[in-house]
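Peer 1: Sequential numbering of the sequence shown, starting at 0, is according to numbering that gives the first Met the number 0.
Derived from the structure by calculation, the hints contain no laboratory data.
These numbers come from a predicted model, not from an experiment.
It cannot be assumed that every hint is accurate.
[What the hints assert, rightly or not] Within a straight-line C-alpha distance of at most 30 angstroms, the following computed DSS-like cross-link-like pairs (lysine-lysine) qualify:
hint, residue 1, residue 2
1, Lys202, Lys22
2, Lys298, Lys202
3, Lys298, Lys229
4, Lys29, Lys350
5, Lys229, Lys406
6, Lys94, Lys29
7, Lys406, Lys350
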Amino acid sequence: MRSAVAPLPPEPSPVVNDIWIEKGTPGFIKTVLALFSGGFATFALLYCVQPMMPLLSREFAINAAQSSLVLSVSTAMLAIGLLITGPISDRIGRKPVMVFALLCAALSTLASAVMQSWELVLATRALVGLSLSGLAAVAMTYLSEEIHPQHIGLAMGLYIGGNAIGGMSGRLISGVLIDFVSWHAAMLVMGGLALVAAVVFWKVLPESRNFRPQPLQPRSLLDGFVMHFKDAGLPWLFLEAFLLMGAFVTLFNYIGYRLLAGPYHMNQALVGLLSVVYLSGIYSSAQVGALADKLGRRKVFWASIVVMASGLLMTLASPLALIIVGMLVFTFGFFGAHSVASSWIGRRALKAKGQASSLYLFSYYAGSSVAGTAGGVFWHQWGWNGIGLFIASLLAVALLVALHLSKLPPKTF
């Protein structure tokens, strides 16, 4: 069966299936709500520490690059876990892996709230990342298996919208709280919210109807790895994940340091409130995903990267209003690009979809860890202009790759 929505020409759906979850049905609403909650919890737990970085620098007497490890160690362990949890879900099912992952991540966050040394904080943050790999690796695969191909762009965009709200809320709540309470108390709040999201996810998400278990064998994992890297498009999409997420995390890791210093001298609560720029990502993830279903991913993807670059240029200016607008535009472009790339993975991977999603997200979070920490070097050496140069370099490569992807023929089978 071929999807008739993309004019460039359409990429066919991977299987013929008469039990898709259709847009507008109760099953679609439940699926979107559950995955929205899961995406919310994942990004809230990951990024609630980002506005705390300047405070952690002072409390533990460490520099900005060292403080960024509180995020980078989580995303690094998440990336490693993705290589394991995706194949596990191919064997035992999507929903059990995701529910267990969310519960463990919430409990690990609560544990991090009582840690007194920097090393123990990093250890618990590593556990958070490892736990969350179970949801991050599987959510996209679940959607690609259960949602009708004509609506996958919208569903994926809504899931990523949950990511955006989670990222915004995690930063916003913790950023405001730490102006009034200790960072330990802020982490307790985030862990409690994640537990609520985990329960909603468990109760609401429909059971898989199209899942077919595959044997968990080292040879099959290797064969899947080779198959995906022989594909003409998947390796380039993996690279895009690394570049785009690296650019995004770098900007938000260090913008707080810039705004807390002169000439802005903003307080921590105001910096935390700037997380509302994620609202533009919430909007763009759904709208750009739906637009890609209509116009084709090849056209929409590279345009979203250009939007990111435009936002970055605005942040290089001095007026605070222009910096904030730049953050809005940059976030809009990033979540739009991520929405398109995420749905593209599910359409190009014909087999071992869980592994394909894992490889994409491995690259995604590896970019967060590597670039997010490496950006600290540019910050210490050249300030925000150095950050701008670093991010611009990542986006330039990403745009070249996107233009290459735009010329690929659709998958046929």
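Peer 1: Compare the structure with the hints numbered earlier in the document and write down the numbers of the violated ones, lowest to highest.
Peer 2: Checked against the structure, the only hint that fails is number 2, while the rest are satisfied.
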